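Sequence order for the protein chains is B and F. With our numbering, letter number 14 in the first sequence gets 14, and the count goes up by one each step, no holes. With our numbering, letter number 137 in the second sequence gets 137, and the count goes up by one each step, no holes.
Keep in mind that a hint or two might mislead.
Intra- or inter-copy, both count: the list cannot distinguish identical chains.
As the list claims (entries may be wrong) - List time: in silico DSS-like cross-link candidates among lysine-lysine, alpha-carbon distance up to 27 Å:
hint : residue 1 : residue 2
1    : Lys-179   : Lys-74
2    : Lys-74    : Lys-180
3    : Lys-180   : Lys-197
4    : Lys-179   : Lys-54
5    : Lys-197   : Lys-179
6    : Lys-197   : Lys-215
No lab work stands behind these hints: they were computed from the structure. Remember, predicted model here, so these are calculated numbers, not experimental data.
Protein chains: 2
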Amino acid sequence: MEVKVVQNVMKANDSVAEDNRKFLEAHHLAAFNVMASPGAGKTTLLMATIDRLKDRVRLGAIEGDTASQVDADKVSTTGVPVVQINTGGGCHLDAPMVREALEALPLDELDAVIIENVGNLVCPAAFALGETVNVVILSVPEGDDKPYKYPGMFVRADVVVISKIDLLPYLDFDVEAFKKLVLSVNPKVEFFELSCKTGEGVDAWCDWVADFTAKAKAESEA
Amino acid sequence: MEVKVVQNVMKANDSVAEDNRKFLEAHHLAAFNVMASPGAGKTTLLMATIDRLKDRVRLGAIEGDTASQVDADKVSTTGVPVVQINTGGGCHLDAPMVREALEALPLDELDAVIIENVGNLVCPAAFALGETVNVVILSVPEGDDKPYKYPGMFVRADVVVISKIDLLPYLDFDVEAFKKLVLSVNPKVEFFELSCKTGEGVDAWCDWVADFTAKAKAESEA
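Chain B on its own, in the form it takes in the complex (with noise of 0.2 Å):
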């Protein structure tokens, strides 16, 4: 019985899921479902990459916490449209979530939207959100052994950043060993290794965002 709810509830989800994935192909907009643990630097990221792109794609944002609005009010201090999505406690985003947070969005000005789900290396993995592509961040200090512990997040990643790294000389993370653990769950994941505090690697992650919003958009135009 409980379980025949949960399903019910998954496939409602599934099915908004696909329902966001047309709306926004119809809008020619690519959609980055980014997703970490608390703290891995998801909003850093965000800021970073809106900063660097500004010129070159037209980016607007989704914003999920289980409370308060201080990431959104930190991603509006850049000026593109954002979207705080307030889960009153839940520990994931889902399809319908977002689909009314996309709806907030002056998405004919947009060329693609991040959104960043809530802090939680386990549950936002069970739910599509109708995303393009799905980003996970590990940050260093996590260590490098969780692919082991949390493998339901890495198996649904397209693509891996290995955030803080200007933290790996005092921290035991081995990077490699780490990316061999994501690959014996994944192998087609790709990787990125960066740090916003120094800035190495984040014009790689930028350049790899804008030809994927190019590409989606040429494909949804096709």
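Assemble chain F onto chain B, guided by the hints.
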């Protein structure tokens, strides 16, 4: 309808948690429910605590993970009894899981059980396990703004451990601002600041664990 089901689940959990509480009391055991984000240092602190208290407190451990048993394997090298709970993707421990794990431990040879919850700053806060005390670890790379975004976790905490303080020189983490923020949602919380890498602050934490265990034992025997 959906909410009703969720409420029933919560009620059922609370009732088993209450039963766990009596069960622990009957065995004169303190139970520490340790919650944190992935990679905040739960297992590392557990290992350091076991090592320093080995001649003072007979500890047992319960390791919660969504997958794998790497943590339990690590902890078992210390020689203390340890049980792994594999939630099969679930984002938190619940009271029935903990009950099963407790019954697999040699309770009459123990003074306290440390329960390492699933790495998640959202969901574990909603599920009582029957614990004697709730400990939340926040590692400084996660940032000092976390109580804004995850208030539920900090409201539930009896003790907040600020971990990885050896990294403070490389970060913009304001310890006093963080404490003030926690106290604004939970004025009764107690703080520890420590680094398992340098050992700073670990003795004070261990002394507290030992004292708390002795006090809980005395109370249960009164």
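We went through each hint and held it up to the structure:
no.	hint	in the structure
1	Lys-179 - Lys-74	between (32 Å within a copy, 21 Å between copies)
2	Lys-74 - Lys-180	between (35 Å within a copy, 21 Å between copies)
3	Lys-180 - Lys-197	both (26 Å within a copy, 26 Å between copies)
4	Lys-179 - Lys-54	neither (31 Å within a copy, 36 Å between copies)
5	Lys-197 - Lys-179	both (22 Å within a copy, 24 Å between copies)
6	Lys-197 - Lys-215	neither (29 Å within a copy, 46 Å between copies)
The structure is inconsistent with the numbered hints 4, 6, although it conforms to all the rest.
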